[in-house]
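Generate the whole structure from the sequences, applying the supplied hints.
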Amino acid sequence: MTDLSDITTALISGDGDKVCRLVQKALDQGAPAADILNTGLIAGMDIVGEKMQSGDMFIPEVLMSAKTMNTAVEILKPFLSAEDMSSAGHIVIGTVKGDLHDIGKNLVSMMVESAGFKVTDLGVDVSPEAFVKAVQENKADIVALSALLTTTMPMMQQTIHALVESGLRDKVKIIIGGAPVNQEFADRIGADGYASDAGSASRLAKQLQG
Amino acid sequence: MGFFSYFSAEELVRIHEATLTTMETTGLVFTYEPARNLLARAGCKIDGQRVFFPKKLVEEQIRKAPSQFTLYARNPEKNVVVGGDHIAFIPCYGAPFVNDMDKGRRPGTLLDYNNFVKLAHAVPYLDITGGMMTEPNDIPISHRNAERLYSSMVLSDKPFMGAGTGPEDAIEAMEMASIVFGSREEMAKKPPFVSILCSLTPLGFDDKMCGAIMEYAKAGMPQLISSLTIAGATGPVTMEGTLIVQNAEILAGITLTQLVREGAPVIFAGSSSASAMRYGTLSIGAPEMAVNTAATAQMGRFYNLPVRGGGALTDSKTVDSQAAYESMMSMMMATLSGIHFVLHSAGILEGYITASYEKFMIDSEICGMCKRIKRGEEITAEKLALDVIREVGSGGEYLTHMHTFKHFRQELYAPVLEERDNYSNWHKKGSLTMEQRANAKYKELLEKYTEPSMDPEMRKELDHYIKSVRNA
Chain A
1 MTDLSDITTA LISGDGDKVC RLVQKALDQG APAADILNTG LIAGMDIVGE
51 KMQSGDMFIP EVLMSAKTMN TAVEILKPFL SAEDMSSAGH IVIGTVKGDL
101 HDIGKNLVSM MVESAGFKVT DLGVDVSPEA FVKAVQENKA DIVALSALLT
151 TTMPMMQQTI HALVESGLRD KVKIIIGGAP VNQEFADRIG ADGYASDAGS
201 ASRLAKQLQG
Chain B
1001 MGFFSYFSAE ELVRIHEATL TTMETTGLVF TYEPARNLLA RAGCKIDGQR
1051 VFFPKKLVEE QIRKAPSQFT LYARNPEKNV VVGGDHIAFI PCYGAPFVND
1101 MDKGRRPGTL LDYNNFVKLA HAVPYLDITG GMMTEPNDIP ISHRNAERLY
1151 SSMVLSDKPF MGAGTGPEDA IEAMEMASIV FGSREEMAKK PPFVSILCSL
1201 TPLGFDDKMC GAIMEYAKAG MPQLISSLTI AGATGPVTME GTLIVQNAEI
1251 LAGITLTQLV REGAPVIFAG SSSASAMRYG TLSIGAPEMA VNTAATAQMG
1301 RFYNLPVRGG GALTDSKTVD SQAAYESMMS MMMATLSGIH FVLHSAGILE
1351 GYITASYEKF MIDSEICGMC KRIKRGEEIT AEKLALDVIR EVGSGGEYLT
1401 HMHTFKHFRQ ELYAPVLEER DNYSNWHKKG SLTMEQRANA KYKELLEKYT
1451 EPSMDPEMRK ELDHYIKSVR NA
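First to last, the sequence lines map onto chains A and B.
Numbers 1 to 210, taken from the numbering used here, label the letters of the first sequence in order.
Numbers 1001 to 1472, taken from the numbering used here, label the letters of the second sequence in order.
Hints may contain errors.
Straight-line alpha carbon distances no greater than 30 Å define the calculated DSS-like cross-link-like pairs of lysine-lysine that follow [as the list claims (entries may be wrong)]:
| hint | chain 1 | residue 1 | chain 2 | residue 2 |
| --- | --- | --- | --- | --- |
| 1 | A | K171 | A | K118 |
| 2 | B | K1371 | B | K1078 |
| 3 | B | K1189 | B | K1064 |
| 4 | B | K1218 | A | K97 |
| 5 | B | K1078 | B | K1383 |
| 6 | A | K206 | B | K1317 |
| 7 | B | K1317 | B | K1383 |
| 8 | B | K1317 | B | K1189 |
| 9 | B | K1317 | A | K51 |
Don't read these hints as lab results, they were simulated from the structure.
Next comes the structure, spelled out in structure tokens:
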């Protein structure tokens, strides 16, 4: 039998080829997909999260693990039941209107996806109306707003306002991030949370869903 | 003063060749259609929004940009030459927050912006007052450009920085400036302000920046074509690779300006730095920032263009030793490597996020020290002082010598804030830290500030303009 802890170790070291090989092997040997997911992969990402916080792992390593995780989950998907697949929640994410910066937002997407969330990424320059529509259509649990420019910060508030107007505000948690924003700004515009980087965004999302 | 060179001549050529290859084969995305059309007419290949630059075109066009230009101040004594042997210091730009010892960290306001104009006006080592020392968060976005320009023109008679936000703001900046500085044609001959426009790294320009670049170029107004590539995030993790991305963006922007108007003044501007890999964010206090500053200076010299880089840059959250040593590292490198235009020379904390009043003063001291280094020494008989050395001989002293009396004020930098007194005197004066002295100093400068006079007719017209903006 494949030792699932080998999968965990390979995931932490970001070795995508090895993880895929081991996951396939474990499946071939009859290991339940849900075990591989929970004991092998999710346990690995938990350790990655801890190591990132303690400063033992750096962002490129964390992202490589997250990318590996997402690829491995694709292999497992056909073998997972609906119940096994029950995601941590659905997140709609985008950079607000007027702002074209997407690197931070993409990192957050990757991190929350590897933490088990389903992600709908709306891209950049997303209007308040497009956020409202996506939240509605996806029955999103969380909407994540990104901005890098001081001049587009007010667009976060307008997006929240549009969610209030559409009657969706109570059905969805709103989190924000980006270089110029902070907790105080989040409080002021009535967001539910602020995270300063991709790792803490993932923790924040789990916490809000918890 | 000689220049510190980071690369050899052969290495520079390899970097240049690699840059041109990137521009020709990978290309850059220009979302702005008028820019694409102009570049296509000049011979660039276009695929969707991606523009591929022929090597020859780039080399031809960048040669057309002037190697130096002058910014003409309201007070001619304060004109600033950008290029050659000169170094110009310009304060912080774009900080959404301000900080001081008394009130702590808070969103910047128009009052803060005005205070920074006054401080930049008062500090002799700052050559240009800047254009966005802090974001005036307390007024509507639609008023901010006009208010910033109004303050810059009224509260100081130094050259200033114009709108770096988009084509409409660029047009407004030129309109307002022409109230004081004459027609568009006159301003093209004697530009009173310079603006900073940035690439959308990696390898792109967005509509707003591109629109403003073309407006300024059309008017012959000077601008920085600036790239901030983050090694490991928006560029390769190597500083060599990041330099290629930065270089390609700057050269693409400059090529565009020269196609719009041959000879339009530009500054080759690179402020790339490293990622803080624990967080995946930009670090501006990194030693790699100093590396890029030196590399940028050398590339600018290679292209015979005025060049921007460095600054009093730090990632520190407060005015502490990290803030001091990181700031001096970049300022020193800018000075030694031959940078001409040093944006963010005063006030920056937290990687561009905050403008600190105390750090503004401390950095001003750094500017003074760097200007002293930059000034250089002359090997002349008077300066070598052989006669004086012979006269004093062994065991004498120079403090009472006429040579000392005559020259010390010019020769030795006189610090404004530095504490050089002995311990007991320092203790008697209240054991003040640098930050406390800086706090007192900025307040003193604001208190002593007097507004430079302006022609009443011009002032009336400017007031009329700003009132119409406020009432709109």
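Status of each hint after checking the structure:
no.	hint	verdict
1	A:K171 - A:K118	holds (17 Å)
2	B:K1371 - B:K1078	holds (16 Å)
3	B:K1189 - B:K1064	holds (16 Å)
4	B:K1218 - A:K97	holds (29 Å)
5	B:K1078 - B:K1383	holds (28 Å)
6	A:K206 - B:K1317	holds (29 Å)
7	B:K1317 - B:K1383	violated (44 Å)
8	B:K1317 - B:K1189	violated (42 Å)
9	B:K1317 - A:K51	holds (24 Å)
The structure fails hints 7 and 8 (numbered hints given earlier, in ascending order).
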